[in-house]
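Go by the hints and put chain U onto chain V.
Listed here are the chains, written in short residue letters.
Protein chains: 2
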Amino acid sequence: MSETPDSAVRTYIDTHRATFLDDLGEWLRIPSVSADPDHAPDVRRSAEWLAAKLKETGFPTTAIWETDGAPAVYAHWPSDDADAPTVLVYGHHDVQPASVADGWHTDPFEPHIHENRLYARGAADDKGQVFFHTLGLRAHLHTTGRTSPAVHLKLLIEGEEESGSPHFRALVEEHAAQLAADAVIVSDTGMWSETTPTVCTGMRGLVECEIELHGPDQDIHSGSFGGAVPNPATAAARLVAALHDDHARVTVPGFYDGIVPLTDAERTLLAELPFDEAEWLRSAKSHATHGEAGYSTLERIWARPTAEVNGIAGGYQGAGGKTIVPTSAVVKLSFRLVAGQDPQRIENTLRDWIPGRLPDGIRHTVTFSGSTRPCLTPLDHPALQAVTRSMSRAFGRPVGHTREGGSGPAADLQDVLDAPVLFLGISVPSDGWHAPNEKVELDLLLKGVETTAHLWEDLAANWSTPHTPRTPS
Amino acid sequence: MSETPDSAVRTYIDTHRATFLDDLGEWLRIPSVSADPDHAPDVRRSAEWLAAKLKETGFPTTAIWETDGAPAVYAHWPSDDADAPTVLVYGHHDVQPASVADGWHTDPFEPHIHENRLYARGAADDKGQVFFHTLGLRAHLHTTGRTSPAVHLKLLIEGEEESGSPHFRALVEEHAAQLAADAVIVSDTGMWSETTPTVCTGMRGLVECEIELHGPDQDIHSGSFGGAVPNPATAAARLVAALHDDHARVTVPGFYDGIVPLTDAERTLLAELPFDEAEWLRSAKSHATHGEAGYSTLERIWARPTAEVNGIAGGYQGAGGKTIVPTSAVVKLSFRLVAGQDPQRIENTLRDWIPGRLPDGIRHTVTFSGSTRPCLTPLDHPALQAVTRSMSRAFGRPVGHTREGGSGPAADLQDVLDAPVLFLGISVPSDGWHAPNEKVELDLLLKGVETTAHLWEDLAANWSTPHTPRTPS
Chain V
1 MSETPDSAVR TYIDTHRATF LDDLGEWLRI PSVSADPDHA PDVRRSAEWL
51 AAKLKETGFP TTAIWETDGA PAVYAHWPSD DADAPTVLVY GHHDVQPASV
101 ADGWHTDPFE PHIHENRLYA RGAADDKGQV FFHTLGLRAH LHTTGRTSPA
151 VHLKLLIEGE EESGSPHFRA LVEEHAAQLA ADAVIVSDTG MWSETTPTVC
201 TGMRGLVECE IELHGPDQDI HSGSFGGAVP NPATAAARLV AALHDDHARV
251 TVPGFYDGIV PLTDAERTLL AELPFDEAEW LRSAKSHATH GEAGYSTLER
301 IWARPTAEVN GIAGGYQGAG GKTIVPTSAV VKLSFRLVAG QDPQRIENTL
351 RDWIPGRLPD GIRHTVTFSG STRPCLTPLD HPALQAVTRS MSRAFGRPVG
401 HTREGGSGPA ADLQDVLDAP VLFLGISVPS DGWHAPNEKV ELDLLLKGVE
451 TTAHLWEDLA ANWSTPHTPR TPS
Chain U
1 MSETPDSAVR TYIDTHRATF LDDLGEWLRI PSVSADPDHA PDVRRSAEWL
51 AAKLKETGFP TTAIWETDGA PAVYAHWPSD DADAPTVLVY GHHDVQPASV
101 ADGWHTDPFE PHIHENRLYA RGAADDKGQV FFHTLGLRAH LHTTGRTSPA
151 VHLKLLIEGE EESGSPHFRA LVEEHAAQLA ADAVIVSDTG MWSETTPTVC
201 TGMRGLVECE IELHGPDQDI HSGSFGGAVP NPATAAARLV AALHDDHARV
251 TVPGFYDGIV PLTDAERTLL AELPFDEAEW LRSAKSHATH GEAGYSTLER
301 IWARPTAEVN GIAGGYQGAG GKTIVPTSAV VKLSFRLVAG QDPQRIENTL
351 RDWIPGRLPD GIRHTVTFSG STRPCLTPLD HPALQAVTRS MSRAFGRPVG
401 HTREGGSGPA ADLQDVLDAP VLFLGISVPS DGWHAPNEKV ELDLLLKGVE
451 TTAHLWEDLA ANWSTPHTPR TPS
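Read top to bottom, the protein sequences are chains V and U. So for the first sequence, my numbering puts the first residue at 1; every next one is plus one. So for the second sequence, my numbering puts the first residue at 1; every next one is plus one.
One chain only, chain V, in its complex shape (with noise of 0.2 angstroms):
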């Protein structure tokens, strides 16, 4: 009986297993912790160690790009096909800090595989994800008999991104000619759940913004001027108050204005999830949902943008009290935007919409810090469906569809490149990112794998849009 290619290519996967799973605990020896400068060593070491793997597996271009901070590096290895669609993988090879005292069981440098689970910093978060790439691509070649991948394939793999990517913007534009791309597939991420395997389509883009308020010159006494003259951190909470209506829906006008709505097909998708609100609400440390009124949770968060108090200050904070009317109050706000939100014009919007917001004699500031574009991908475009697809013959099962609440780095790529950004994660809420004793699930890392091996002849054969190489924005 002839194999199957699935079935070939797990008996590659099988045969390369104990390699390969060497090959990422090497990897994950080097404590490359971007945070912290003693480390800036490692994270270099981390660097040149993957280029020399990314040799290696094949790749005929590997760079370190150097960054005003942590190296990056680059890979390329063209298709034979040259009319077949680029496509650049993002992830990152720096870690989060790490320690016993921060109460591992282990070292956290010292990989260790218990109960099929691969305990070390960065095991999920994010270099098991890079690395699964490296064996499902030797997989591709090896089951279809090819000698270069069926697409161009890149790989963009940071080294800031713990430490919030602050050169990686630079670096995608300086590099923008090289890494242009017909869809970016970011391996940073996770799905649903160890037994319900999912693709993200999106991440939620973000605006921040500090307001001052500024009323009288000092504290004034409440005694004697309280009641006739405006007090800031009232005109604060009133702001802050009018931001939205009584059914939790932002008021400020335009807001919503050009957002891509959810589509029926999403909405089912996302309710059939196996989502237990109870479990949630434990997850969130929170003791009821409140959201925008006619979604669901899973909406709320994945879906809909929001306007957020993250901090509100103003007046006496002492014990006690002290009967003044304030000089000032701040208020801090984020937005979380989705696809058809530009930043910048919400930007507009929010300065234009404050100033009738306030009474006669609060003077006020309003400072708005980095913003990120949301990024969204249609169910039906043809590279989230061979990547659905891939997954699905890898898991053996059907695969389902969620966003992503937060926002991040990925944005860039998509603004930059101009391409379609998709999220190929295996790992699960359970596997520690940030945490003691973060580790990867063997059984889903190989599925990884086995995504990848599936995944780059699906996208040739089914993106029939004529490859057009982009002049990056």
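A hint or two may mislead.
No distinction is drawn between identical chains; accordingly, a pair holds when it is met within one copy or between any pair of copies.
[Claimed, not checked] Computed list of lysine to any residue pairs in SDA-like fashion (alpha-carbon distance at most 20 angstroms, straight line):
(1) 322 - 218
(2) 322 - 415
(3) 53 - 78
(4) 322 - 435
(5) 285 - 364
It should be emphasised that the hints constitute simulated quantities derived from the structure, not laboratory data. In this text, all values refer to a predicted model and were calculated from it rather than measured experimentally.
The following block gives chain U in isolation, referenced to the frame of chain V:
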């Protein structure tokens, strides 16, 4: 040409002016700073000095009353007319801290006279205003030929007013029988200006509370959870915003119930004051007026209740942003009350109101601290009319009416003794209470003497209400 009663008083005051100022200077040299434990012996010395001086003035009963803090001085001089009304004068003999380092041009405890102003800590607040009662009383006796005052006269001069009068209520309650009076005259306030003598007819009351709101059990990620759980900072803002409607009227149901309305006569009197709103705004260090619709600025601060935010805090307070849903928020509120508003009822009203304003999942605690009742003497009260008349004779011009927006221990006297409180003060805004270079205008100080020289006889003659010895509540 025989002297009129008024010119006889003036002659007496002129004759004794030098001694009066020498004596006052001696008292002002005692640094009776109640806030500084090192000055506790000085506060006691100040009390003893005053008691001795009141004995010398002729009071048959003088006493040092101990408290759990600094001592108070009590004096009593019954009238020979048994049916005369009983009046209790309130003031304080302690002073605010002061040192040359704060910006005094001369030693704050070495009084000196310059351009007809007496500079010293306590010159206006409150030793000068307590002391004018001594010479005024002697002028009263001398010019009427009486051997006892026309009213049963009591003095209570506390020693902790500048430290918040922590033991005053207990002191008054302990000695309520001895302090029983038909009216209380507080000489610890001011008047409109050098050229506009006024009598204050009331003070606002005060209720203070702190509301803590609790949302998630810890700060949580605003990307992962934002938009689907209640945010306590948002809830705090919405609670504060809900305190007022768009006309700056307090919305808490029942808040305005029972308020003694401003009469047309009082509104007219207030409107007649030479109020310069621009100048007032400068003193408020504010950039616009803002308050309850339908009321003038003076009405707002004197005769209308308020709901003021003294402090608000929640979430991230540092530099930059932090994308969290905060675990908690706290609001410090104070409510100024006017006659007819009972602090306990207002507290109950607020306790009842808060829960309905909070979303599910936001737990709260509310803590009320000590409250102060409002006090108000009607314009037609005979004692108030006597004060106004006496002051008018001293100043040689009509006397206006004000109120005080703040709240003070006078309310304890009103409450415990069940007696109306009248405010007889000659200080002006430029006197610099609590500030460097405190002074009192000598001309005004002597007008205070002159007012009290007339007051007791006027009160006895015109307060026809039969005297009923009061059983204090």
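My question is about residue 322 and residue 218: at a cut-off of 20 angstroms on alpha-carbon distance, are they close within one copy, between copies, both, or neither?
Only inside one copy: residue 322 and residue 218 sit 14 angstroms apart there, 28 angstroms across copies, limit 20 angstroms.
Which holds for residue 322 with residue 415 at a C-alpha limit of 20 angstroms: within a copy, between copies, both or neither?
This pair counts as neither: shortest intra-copy Cα distance 50 angstroms, inter-copy 24 angstroms.
Within, between, both or neither: how does the pair residue 285, residue 364 come out at a Cα-Cα threshold of 20 angstroms?
between (34 angstroms within a copy, 16 angstroms between copies)
If the cut is 20 angstroms between Cα atoms, do residue 322 and residue 435 qualify within a copy, between copies, both or neither?
So residue 322 and residue 435 pass the 20 angstroms test across copies only (19 angstroms; inside, 41 angstroms).
If the cutoff is 20 angstroms on CA atoms, where do residue 53 and residue 78 land: within, between, both or neither? Let me know, please.
within (17 angstroms within a copy, 104 angstroms between copies)
Of the numbered hints given earlier, the model fails hint 2 alone.
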